[in-house]
Amino acid sequence: MKKTHIALLFLLAGAFVALASMLSRSAEHAGFDLASEQPDRIVRVSGTLVPGKTVDYQPEIDPNSFRFWMADKSGRQARVICYDDMPYDFEKSEEVVLTGQMKDDVFFATDLLVKCPSKYVEDDLTKSSTSAAEMQ
Amino acid sequence: MESLLPEAQPVNLIYGQLGHFFVLLSWVAALIAAIAFWRSGEDRDASWLRIGRRAWMVHTAAVLGIVATLFAMIFGHHFEYHYVWQHSSTDLPLKYILSCFWEGQEGSFLLWTFWHAVLGVVLIASKNPWQGRVLSVVAVLQVFLLSFLAGIYVLGTKVGTSPFLMLEDVLTADPVFLFDDYMRFIQDGTGLNALLQNYWMVIHPPVLFLGFASAAIPFAFAWSALRFGDYRRWVQPALPWALFSVLVLGAGILMGGRWAYESLSFGGFWAWDPVENASLVPWLVLVGGTHALVSFKATGRALRTGFALTMIAYLLILLSTYLTRSGILGETSVHSFVNAGLNNHLLVFLFAIAFLAKGMLALHWRRIPAKATEEAANSREFWMFLGSLVLSFAALQIIFVTSIPAINALLGWVNGWSGIGLPDNIPTPAQPEAYYNSIQIWVAIGLGLMMGVGQFLRYHRSDMPRFWRQMGIAAAIALVFSALSAWSVNFEWTVQAKLRFLDGRTFPAPNSELLLLFAGWFAASANLMYLFTVLRGKVQLSGASLAHAGFGIMLVGILISGARQEVISRNSLGIDYGEAFDLQFKQENILLYQGMPQRMGDYQVTYLSDTVNGDATYYRVQYEVLDAEGRASESFVLEPYLLRDKKTRQLSPNPATRHYLSRDLFTHVSAVPNEEQAPQQGPKINTHTVELGDTVYFGAGLIRVESVVSLPPLGDTIRAGLRVFIESGAGTLEAIPELRIAGGRLVSPPLAVVGVPLQLLFRNVTPETGQFELATVEPRSANDWIILKAIVFPQIRLVWLGSIILFAGIAVSIVRRRALNARHPQAS
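Going down the list, the sequences are from chains A and B. If you read the first sequence in numbering that gives the first Met the number 0, its first letter stands for residue 0, the second for the next number, and so on. If you read the second sequence in numbering that gives the first Met the number 0, its first letter stands for residue 0, the second for the next number, and so on.
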């Protein structure tokens, strides 16, 4: 057996460990249903803010948490408490991806990712600063 | 009414026509060049080569024409063109107008094409005997790349997107185009994304794309070598190009990190974001490939590795381009990728090149010369080969995890088409940063150790007693430096619960970060030692030593600034999250009322004022380091700011950083009041003379003075506390403001009450009458506050210092290799 083969075996073992450690520390993309069935599991839920419900962030009282309602892809709504500062213009977000766990129908999120509408592209003349509507 | 409107800019059609013409011309010229260069290689006919060169010159002129036209449109504010309207505006400073050019997909493809054209001209000028063969491949790449700029319909399918489309042809439905002089209504563009308004974004994209483009040259060398069965001689001329690509791509990646550090608020220069990973992975593989080529030059080994890695590196650049531009990574990235309708086109490009490259490699693999014997374990080439393997492993791990969303999409597509039911929901790491770090730290440890060892081993075999002596010295130096830095930033020696016995008992394990600390210092000290003792400081030979030493220093900097970073903007009193359970909370933000000082780490921090300047709002925050007597021994002001994006009206925070020699204090504003700011005034200060049991009123409630508390002295400083209860909407809270007597002076550190806009100062005590002086400080308006986040990054300068040494070392190697090639020219 060549030395190179031994090295390759080691790297293969490394790859196996990396994969195993990823699977044990990963969050599955799921909905609120799965999250409430398995409260111990850390899952990732994506969805949209529920229109009409307010986003509650009072940084004067606690700058490190905020609350809102989110509907997952299947339409199930849940109250979310997120322990972080609220991203700017969170209310305008198009899609929210949460990482966390569910307990008693409340989703506790430790991490969130916000996708904003057309961050790089604006293709609507009426939203531009000198829109036709404003000037007429 | 209409007369009040500004004059309409005339709609200028010339630019669009010129632009389309240049795109077409450059595409046709690239096609002719590809055919001519291709034939020149087959026929060994100088006339084909001449045609190819001329076509390439025409092609380059046309590409310059496209670039010049687009610049002229942007500089002239021709908002009748969609690209200009979408990516620029009249109020942008000149330097950011450059960034508008490559903000969009079309502009960045154009930048890529531009560098290919320029590099081709350099190859032609260099009289390199491989130029025809190499350029035949680059010309094919150009034909592909330019097709992304075509924006034409072929058999009813749109191919590419052009930057020269008129606004009215893109936004056809808008009623404004019913007017003949519609430009009256369009006086300005929608501007450049606020995040990109940073000087690193002026320089980072051109450098990165030069890195992408230059990686095509070693790829083209390798491919042509296979095509002509000329397996050995390509390595010598290709090596300086490969090194150049390693240098430029590496610098581009690092500039991206610097941009992220200076203008994004994710805190740090590296977040393992898919966009960052996508450019790092090809670099790692190319570094591996370059080492294999160097090893082949010296020993005749590792040629297959050199072929494979050089070619795969380029394929990974194409894969990365697809991943980052197609929007397929959606849920795992903070970058909002836009699917510009180029996905299938990108896939065709990727698969065509990958199929050709892999096919060639497979076809020729057996014929590529390889030595039957194995390298000796004490030879330099063995450890270089091992290093290339480890780099490839690192790249494979990163690209696999980054690609999971794409893999899921692919498996889902296969399922839908075949009905097999493969698992198409592979989960992604819950905390990507921690996950990547936990794997890649071992790669970095291995690389650091190998970099230290490699230089002292000689090709073929080494004198072992001497080697061990030198390693012993290097290791001793590294140990001293590791101990010093571990001590200076308080590394923990062990981490809990890493080793687990079968019965579930856990034991502390040594902290792997310390291993990396040693490995980094070992690489740095061994290579510097080699430079001064073996090479005797000869600059022209110092390339590898410098590069490896720089990389070692960089590893140390990355480790210390990453692992020992400290968020100092923590709420000192804390808030009870009763409803939460065993999740980890990042309480990383602090509330600052205007004019009311607050403790934060070693600093007393005061939010002074805000200033609006155009789309930006600056927040002046004062930092003071106080000595025991309350005097400021250091004082400075940082101005983090918020920038409102012109297009989306979204706010983005821009950090402000205080640079020290040994650390950075990195701060940004994470929230501000929604309402308009009240007129600026200082806080309301009231001083009350009270006795125990008295009640004092303030804006939001009342304060009951309860008792005097004796506090343990701090050195020579005598301390006393006054226990009070604060009743307000937030319930009843206990607080103990403090009075200090230091050197005969009275000092009253302000105490912020969490949850109530109030600060208390215990000012004085009159023992004879039993009276105390208690001051309340309240904001005049409850809206005069900001939420601040502050992180200390220790030793972050080592990252930048190490990278400069690394790149300087690669540059020295390029000069050295070119000089060697000039001395021993190849027969063509």
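FYI, nobody ran anything at the bench for these hints, they're computed from the structure. Positions of the beta carbon are idealized from the N, C-alpha and C atoms, including for glycine. Worth double-checking, as some hints may not be accurate.
[What the hints assert, rightly or not] Stretch-level coverage of chain A by chain B, calculated; a stretch enters the list once three of its residues show a Cβ under 8 Å from a Cβ in chain B:
1) 22 to 32
2) 66 to 74
[To be verified] Coverage of chain B stretches by chain A, computed from C-beta distances (three or more under 8 Å per stretch; other residues unrestricted):
3) 378 to 385
4) 394 to 407
5) 419 to 427
* Asked: Are there hints from earlier that the structure breaks, and if so, what are their numbers?
  -> Result: hint 2 breaks, nothing else.
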